[in-house]
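With positions in the sequence shown counted from 1, the corresponding number in the numbering used here is that position plus 251.
Careful, some of the hints might be misleading.
[Unchecked claim] Within a straight-line C-alpha distance of at most 25 Å, the following computed DMTMM-like cross-link-like pairs (lysine to aspartate or glutamate) qualify:
id: 1; residue 1: Lys292; residue 2: Asp303
id: 2; residue 1: Lys292; residue 2: Glu276
id: 3; residue 1: Lys292; residue 2: Asp280
To be clear, the hints were calculated from the coordinates, so they are not data collected in a lab.
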Amino acid sequence: DEAPRDDDGADADLNRGLFRGAPPEFAGDVNPQTGEVGGPKNEPLRWGGAGDWSYNGRVTDF
Numbered sequence: 252d253e254a255p256r257d258d259d260g261a262d263a264d265l266n267r268g269l270f271r272g273a274p275p276e277f278a279g280d281v282n283p284q285t286g287e288v289g290g291p292k293n294e295p296l297r298w299g300g301a302g303d304w305s306y307n308g309r310v311t312d313f
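Can you make the complete structure from the sequences, with help from the hints?
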């Protein structure tokens with residue numbers, strides 16, 4: 252029994268459940284911490300656990 256494939260022949264299950272970036276920090280259109288309407292769902296600049304800054308998930312040394 253073969254796994255289902257999409258149009259280009261790749262396994263359909265290969266990318267199932269994957270998402271790009273962090274999951275949203277809040278639901279809805281209004282940020283509950285700042286009151287911003289229509290803004291980003293995540294803070295793009297973060298201080299990581301390894302002592303590094305990351306911007307949109309990419310570590311940088313500025």
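Comparing the hints with the structure gives:
With a CA separation close to 21 Å, the supplied pair Lys292 and Asp303 stays within the 25 Å bound. Taking the CA atoms of Lys292 and Glu276, the gap is about 6 Å. The hint holds against a cut of 25 Å. At most 25 Å may separate the alpha-carbon atoms for a hinted pair to count; Lys292 and Asp280 meet this at roughly 9 Å.
Every hint from the earlier list agrees with this structure, and none is contradicted.
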